[in-house]
Structure formats: structure tokens, C-alpha cells
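*Asks:* Sequence:
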Amino acid sequence: MASIQQPASSGSDGQRYAMNDDRKRKRMESNRESARRSRMRKQQHLEELMSQMTQLQNQNVLWREKIDAVGRNYLTLDAENNVLRAQMAELTERLDSLNSLARFWADANGLAVDIPEIPDTLLEPWQLPCPIQPITASANMFQF
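Residue numbers for the sequence shown, in the working numbering: 1 to 144.
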């Protein structure tokens, strides 16, 4: 069998191959370093996102607690308003009864009594039965 002999490489070819190998090696090292930096950036970004997620979850818990507190305050104030409305209705009814008795007594005795009519706040809510008084609230009424 005849073997094919390759010509011996000259010095310039050897230098060229060595330079190409050196370039490949440097490129590989550069790529590895670039990949390492990319992984580090991704890891840092992931850690930042995890930290942000934890912070947002904590804020979410705080907001839910505040919303629950406002809801409880609303229910308390709504119940108080219902009690006050019932008291107002009862007192209005008592006043109407007393006015009726006063008219009856005045008619029986022949006296003229001027008793103003109280507007029905359910039919005419814009006419309040008593003058509006300012309502003062304490600064810590709603604590958040």
C-alpha cells in the first residue's frame, strides 16, 4: 500500500496554526468569562426579584390588614348610624305625640298654640329637623 505523505509544514504554517490555536483558546476563555458574568447577572437579577416579591407580599399583608380595619370601622359606624336613625325615628314619633297632645289640650281649653310641623326627613331628606352642627372628630379615630 502506498501511503500518502503530507508535506512537512513549514515554519510559517506552524506559526499560523499556533496563532489560530491561541486565538481559539482566548476566544473560548472570553466566552467562558462572558457566560460566567451573564450567569452572575441573572442570579443577581433573580435575587433582586425575589427580594422585591417578598417586599410586595409584606406590603400586601399590611394593606389587607388596613382594609380589614376600615371594613370593621365601617361596620361599627353603620351599626351606630342605624341605632341613631332608630332613636331619631322614636324621638320624632314621641315629639309628634306630644305635639298632638298639646294641640288637643289647647283645643280643649280654647288656647291658641303655635306648634311648628317637623318635616318628614324620609320624604324630604334635604330638610333636616334640627340645625346642622359641626362634627368634630379626634385625630386618631381611624388608626392605620
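In short, the hints are calculated from the structure, not lab data.
Worth double-checking, as some hints may not be accurate.
For each label pair, taking beta carbons as the anchor points, the in silico distance ranges come out as [claimed, not checked]:
#1 Leu98 - Tyr74: 28 to 38 angstroms
#2 Leu91 - Glu65: 30 to 40 angstroms
#3 Arg72 - Ser34: 31 to 41 angstroms
Listed below are the simulated SDA-like cross-link pairs for lysine to any residue, each with C-alpha atoms no more than 25 angstroms apart in a straight line [said to hold, decoys possible]:
#4 Lys66 - Arg85
#5 Lys26 - Met50
#6 Lys26 - Arg37
#7 Lys66 - Thr76
#8 Lys42 - Gln52
#9 Lys42 - Asn31
#10 Lys42 - Met53
#11 Lys42 - Gln57
#12 Lys42 - Val61
#13 Lys66 - Met53
Given the structure is predicted, the values throughout are model-derived calculations rather than measurements.
For every residue, glycine included, the Cβ atom is placed at its ideal position computed from N, Cα and C.
*Asks:* With reference to the structure, classify each hint as holding or not holding.
*Replies:* Okay, the hints, checked on the actual structure:
Between Leu98 and Tyr74 the beta carbon distance is about 36 angstroms. The supplied range of 28 to 38 angstroms therefore holds. For the pair Leu91 and Glu65, the supplied restraint of 30 to 40 angstroms holds, since their beta-carbon distance comes to about 39 angstroms. Look at Arg72 against Ser34: about 57 angstroms separates their beta carbons, and that is not inside 31 to 41 angstroms. With a C-alpha separation of about 28 angstroms, the suggested pairing of Lys66 with Arg85 is violated against the 25 angstroms cut-off.
Distance hint between Lys26 and Met50 is unfulfilled; the C-alpha atoms sit about 36 angstroms from each other, more than 25 angstroms. At roughly 16 angstroms between alpha-carbon atoms, Lys26 and Arg37 fall within 25 angstroms of each other, so this suggested pair holds. In summary, the hint linking Lys66 to Thr76 is supported, as the alpha carbons are separated by about 15 angstroms, within the 25 angstroms threshold. For the hint linking Lys42 to Gln52, the alpha-carbon distance of about 15 angstroms falls within 25 angstroms, and the restraint holds.
The hinted pair formed by Lys42 and Asn31 meets the criterion: a straight-line CA distance of about 16 angstroms does not exceed 25 angstroms. Annotation: proposed proximity of Lys42 to Met53 holds, straight-line Cα distance about 16 angstroms (limit 25 angstroms). In summary, the hint linking Lys42 to Gln57 is supported, as the alpha carbons are separated by about 22 angstroms, within the 25 angstroms threshold. At roughly 28 angstroms between alpha-carbon atoms, Lys42 and Val61 are farther apart than 25 angstroms, so this suggested pair is violated.
Only pairs whose Cα atoms come within 25 angstroms are accepted, and Lys66 paired with Met53 is accepted, the gap being roughly 20 angstroms.
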